[in-house]
Amino acid sequence: MGNIYDQFLHLRDQQIQEITEQNKGAHCVIHIGSATCENAAGAERVRKEFEKLIRASGRDDILIKQTGCTGRCAREPIVGVFVSGQIPFKYEKVDVEKVQQIFHDHVLGGELVPSLILDKKTSMIYSHVVVFCGNNFVASDTNWPEVFEEILAECEIPSNSIKVYEADHMGFSPEVSDCKTARMMIMPGNITYAFTYRDELKKIVQSHILGGQTLSDMQIELDPMTKSYLSVYGDVSFFNKQTRLTLRHSGIIDPEDLADYLLHQGYESLAKALDGPSAQDVIDQVLASGLRGRGGGGYPTGQKWKNAITGNDDPIRYVICNADEGDPGAFMDRSALEGDPFSVIEGMTIGSYAIGATKGFIYIRAEYPLAIERCRIAIEKAKEAGLLGENILGSGHSFDIEIRLGAGAFVCGEETALLKSIEGERGQPILRPPYPTASGLWGHPTVINNVETWANIPVILLYGPEFFSCIGTEASKGTKVFALAGKVRNTGLVEVPMGTTLRDIVYDIGGGIPGGHALKAVQTGGPSGGFIHEKDLDLPVDYESLSAIGSIMGSGGMIVLDETDCMVSTAQFFLEFTQSESCGKCVPCREGTLRMLEILKRITSGNGVPEDLDKLERLGNLIKKTSLCGLGQSAPNPILSVLKNFREEFLVHIEEKRCPSHRCTQLIRYRIDPDKCTGCTLCARRCPVTCISGSPRNPHLIDQDKCVRCGECFNVCKFDAVTKI
Amino acid sequence: MGKNENSTCSHCDMQEVAPLPSEIIEFIEDCLKGERPESQLIAVLHKVQLHYGYLPRPILDDVAQRLQVPTSVVSGVASFYHFFRLTPKGKYTISVCMGTACFVKGADKILEAIESQLGIEIGETTGDGFFTLEQSRCLGVCALAPVMTINGKVYSRVTPTQIPEILNKLREESIAE
Ligand SMILES: Cc1cc2nc3c(=O)[nH]c(=O)nc-3n(C[C@H](O)[C@H](O)[C@H](O)COP(=O)(O)O)c2cc1C
Ligand code: FES
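Protein chains in written order, with this note's numbering: chain A, 1 to 725; chain B, 1 to 177.
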């Protein structure tokens, strides 16, 4: 490595000095999530309480560290307690009262608070936690966790004193490149070993677990990304079933602290790139990695960069980060920016060097104040340190980033509309080609990539394109983050290798459907995507297979629907969204979506006719073919996919004027069961249109012609006598 | 300007709009010194809205003049983006999350309940100036769905039957003040 890299190492040493000193002397570090979702759940109060208790205790070796969102939204606020030399523990749904208990019992007293532990999986203290990892890089058929249990029995170690986990997809080791070697991490201490044979594993058990002696000849270093992740989250199934590349730092580092980022290999990639053979070499690596855009379209990122430098010698070029995140049910980009803004900024800086841009923009929704603030802080700190701005690391490359705010228009996520918006105009798209790489911002070549795409760039340069491309499927490389929500137990952010099946995501990581209900459909791609039928759940998630079944990968929204959800009204929900977000520039989208919506409203209010389905189909396909931009071209997708995969539900709405899941208000009929009705008269008194008749202590009756279906009688009846039909 | 003074908008008539604060004027002047000042229009409007709570018409004209952008462009931009409001807000802004997860868990019923209780629709303010009703898209707390915020305070797992109580309580509190 040359001068630039040396300069980087020098800078890093300076920056991390203070934080290293601090960590060294710490008895305990308390991690507290700090993100929009965490704060909504009360994380700020929790933090204040910890601060108060630490002050009162007079201890200066107890530190608080703010981290981004781990993606475990259903259990927030989450607090991690890391006592040095001990197994780390995470507590869930912490409030001010629980803080007291955690602080006194665990932080000061060293005693766990079992009832509050994340996922309630731990009911006792284990002596060790063992995480087997890296199976994905190992071509072995042996089930090591099983063998491990056998060995424990042989050594007469009670198996309930050791907790075993598997993290298949994590655990890449730059040191062991052959594919026979298995890897494991043992806590406390986060010691990692490599082994190939049963004997070796036994030796590890005897020496390390029984004897308390580290076996230095079998010790290896795992890649730092895996190591820092597993050492914090390796003992939580929700996390170790995922593969965190994009979100590698979310929930691990302090998003406002450059030094912490540098401690976790931050800016190594940029230094490598600037010190490398050429800008072309950077583009070649991104091309070779197979990375495709994560904003929805899936265009190969390396190719996009190449397009921006071929066929023009324009001295002015731009890079843009698209953080408009328009899908109304998704929050991957927000969370990534709140949890790890430096990765995105480093990625953009690498991109700017690759294509020769000196100026970049982050276009971010005004609705994300915390993400905006974190980006602003990160840009400022990177500039102060000389990692952004003039002559970065003495390489001669200069690059600056400006934040531009959106103002609540879904269409501005579309790249040409986004450009208009940055230029200060109404965000109306224009016809492509020319693509922005040929003529973008103010007519100059411009590369626009999604937040997640940018966040992946440092990983590719750090571990090499081969590492990246060995994760995923033939045509879709790497991982994808999904915002999992709806009728699923573990709502939150999940990052999985491309090619993971929907079933694995929903059941394995998502924990299945709550309330004993059955899954009906999974919606991906938000308003531009479609509904996937339960029978297709075993399909691998990648760009091609999702479009083959009428949905799209999209930017990462994933909504689980159960049998109580109505497909017709959910499709209508999406169409209402796109219709109101249509910019009005082209007729097919502006008028077409409005007409489709009228037909849908007719159907959900009981006035549909059988011909409506053909009309919807024809109109939908027409809008797709003739709209100006991606908004119109994809707006009919939710409807078309319901027509294709759930046609019978449409038919029931039209022919029987019935909504089987009782969602469409106007199709619900309320009925009073004469056997259950006690004649208490409550419903009759509450009915706003006085359509319920009956004398006290006698069964009541609803006049269906007068009923406005407000559901008040259903809500107030204490005897479950009112039913929906 | 004359048109605005005669405008029938009761809010604009009633309250004299204070002039642009000096921070915003300085911001515009800084923009003018830099490259492509016209591209900062949206940023300026964000600041104006933050200051006034909405975009008052006379101020839009002032911004147009200072930033040297045609008034037609300024009002075109102000009306295009949903985030910008052209009328003042009520004392309490109720924002119902209509993100997908909240919809799936019944946010539409919450919205209906509020609309019928207050007699206003999305984007409107009650006659007494108490409540403004808005919708938002995914607050990122889908796990707590359906959610709404009132002046930023998050109400989680809301049911339609809670609505009258929540709103009445705010009214009473406000009258008591
Ligand atoms: C209506 C519409 C909305 C879009 N919204 C977003 C968005 O919110 N975020 C995003 O990154 N891309 C969005 N896109 C895709 C962008 O146009 C563009 O393809 C993308 O930012 C390119 O980055 P990538 O190659 O890294 O995916 C949208 C496209 C359309 C048609
Ligand atoms: S959809 Fe309402 S918070 Fe996510």
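If you're looking for bench data, these hints aren't it; they were derived computationally from the structure.
The structure displayed is predicted, hence computed values, not measured ones.
Careful: at least some of the hints might be erroneous.
To be verified - Computed spacing ranges between beta-carbons, pair by pair:
(1) A/610 / B/112: 23 to 31 angstroms
(2) A/84 / B/151: 39 to 47 angstroms
(3) B/86 / A/13: 24 to 32 angstroms
(4) B/19 / A/84: 32 to 40 angstroms
(5) A/544 / B/119: 46 to 54 angstroms
(6) B/169 / A/64: 44 to 52 angstroms
(7) B/86 / A/626: 52 to 60 angstroms
Unchecked claim - Using 16 angstroms as the maximum straight-line C-alpha spacing, the simulated EDC-like pairs for lysine to aspartate or glutamate come out as follows:
(8) A/306 / A/275
(9) B/109 / A/712
(10) A/601 / B/115
(11) B/47 / B/23
(12) B/153 / A/712
(13) A/383 / A/284
(14) A/420 / B/108
(15) A/52 / A/18
We treat Cβ as the ideally placed atom computed from N, Cα and C, and that holds for glycine.
If any of the earlier hints don't hold here, list their numbers in rising order.
3, 4, 6, 7, 8, 10, 12, 13, 14, 15
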